[in-house]
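Chains as they are written, first to last, in our numbering: chain A, 216 to 289; chain B, 216 to 289; chain C, 216 to 289; chain D, 216 to 289; chain E, 216 to 289; chain F, 216 to 289.
Note that these hints are calculated values from the structure, not bench results. Computed from a predicted structure; not experimentally measured. Just to be clear, a hint being listed does not mean it is correct.
Lysine-lysine pairs mimicking DSSO-like chemistry, simulated, CA-CA at most 30 Å apart [what the hints assert, rightly or not]:
id : chain 1 : residue 1 : chain 2 : residue 2
1  : B       : Lys255    : A       : Lys289
2  : E       : Lys255    : F       : Lys241
3  : A       : Lys255    : A       : Lys241
Among the chain D residues that face chain E by a calculated CB cut under 7 Å, a handful are [what the hints assert, rightly or not]:
id : residue
4  : Trp219
5  : Gln229
6  : Ile236
7  : Ala261
8  : Ala270
9  : Ala275
Ideal Cβ positions, reconstructed from N, Cα and C, are used throughout, including at glycine.
There are 6 protein chains.
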Amino acid sequence: MTQWLTSLTTDTPQEGFELAITLARKGVGYTQTSAEVREKLRPDYAENADSLTLASQVIAIHFQTVAAANNYWK
Amino acid sequence: MTQWLTSLTTDTPQEGFELAITLARKGVGYTQTSAEVREKLRPDYAENADSLTLASQVIAIHFQTVAAANNYWK
Amino acid sequence: MTQWLTSLTTDTPQEGFELAITLARKGVGYTQTSAEVREKLRPDYAENADSLTLASQVIAIHFQTVAAANNYWK
Amino acid sequence: MTQWLTSLTTDTPQEGFELAITLARKGVGYTQTSAEVREKLRPDYAENADSLTLASQVIAIHFQTVAAANNYWK
Amino acid sequence: MTQWLTSLTTDTPQEGFELAITLARKGVGYTQTSAEVREKLRPDYAENADSLTLASQVIAIHFQTVAAANNYWK
Amino acid sequence: MTQWLTSLTTDTPQEGFELAITLARKGVGYTQTSAEVREKLRPDYAENADSLTLASQVIAIHFQTVAAANNYWK
């Protein structure tokens, strides 16, 4: 397994937000390991309002973790 | 990529709430990058009660983070 | 924009709970700015069991924030 | 408005759990103020597996708050 | 009412996880008090993928509480 | 019952993320104990966009716990 997560520390809140997005996607990637299937499913959520809100929610949960890890970049 | 998030600190709780809304929308924006598609989907959630509640939930999760970052504006 | 949130501090847990309700509703209000549309949607969630549970969940998340801001009124 | 929540402190974790249930129900009660309507909706969620899980989730979120308020009854 | 929850302290993380499961089930049990109805509903969620994920989510929320109560068994 | 969770401590954030996945799956496994049924349900969620997002959400919640247990690997 490739190393993809060595630290939760980021330089800026924005990079922290982008790490949260990575974490949300990895949660999907570990569950559905086929990139081909994931790609095929993309329109199902990227063009559906509630699916997008749900995706945004997972990002929000991970962002809580990343923000805490960075002491809120204070 | 434009800088859009340089700090979680806000002057007031209300500005913190509005930052939480921005974060919730950005979570959608990174997932569906086309502003045109997002605009097209708007009536799907803005005129649906459960979709609005779900959107409010994502804001609530981000508001937890922003409030903690600001030591609850105490 | 009117000032509607100047502090997370409340005198009692009950007022904190009511503030959490306000926050949940504001999350909806910023997303659907038309009071008329929101009013029209009211029966859709107020007479649906799962919608009410979902609304209660958003209140619960905000109540966590408000309770922490008030050091749990201890 | 009646006083129904004067403290988050409880003697035991079980009473704290029961307070979390009260909070979850109050979240519904403030949204749908008619006891008659709430009663009518009862079978819709009490006899539906996912609705019960969702209700249990709201309790879980409130129990986090109550447990923290009681320093986990340690 | 029987005493069923006297402490959130457990000897091991695994026992803490099992306590989280108990808490999730109790949340259902207080809402639907008939064991017969709950039993009848069992196939509805135990043989449905999303229902199982939702059940797992409630456990996850309670596990946060139990883990914090045990200082993460450090 | 086999011992499967003796510690929340991991060497790296990535191992912590993988532990979060294990916890999410165990939540399902305790609810549906038949591996055969779980296997049969796999396509229902692994090929459904919202189901995958929901699964990712449970992982996110557990990752909060594991990250806190490891003091965010700082």
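Hint-by-hint comparison with the structure:
1. A distance of roughly 38 Å separates the Cα atoms of Lys255/B and Lys289/A; the hinted pair therefore is violated under the 30 Å criterion.
2. The straight-line distance between the Cα atoms of Lys255/E and Lys241/F is roughly 23 Å, inside the 30 Å bound, and the hint therefore holds.
3. With a C-alpha separation of about 17 Å, the suggested pairing of Lys255/A with Lys241/A holds against the 30 Å cut-off.
4. Residue-level restraint check for Trp219/D is violated (minimum Cβ-Cβ distance to chain E is 18 Å; threshold 7 Å).
5. Below 7 Å, beta-carbon pairs count as interface contacts, and Gln229/D has one with chain E at about 4 Å; its hint therefore holds.
6. Hint on Ile236/D holds. Least Cβ distance to chain E is approximately 5 Å, under the 7 Å limit.
7. With its C-beta approaching chain E no nearer than about 5 Å, Ala261/D sits inside the 7 Å limit, and its interface hint holds.
8. Interface restraint check: Ala270/D against chain E, minimum CB-CB distance 5 Å, threshold 7 Å, status holds.
9. Look at Ala275/D: its Cβ gets to within about 4 Å of chain E, closer than 7 Å, so that hint holds up.
This entry does not satisfy hints 1, 4, going by the numbered hints stated previously.
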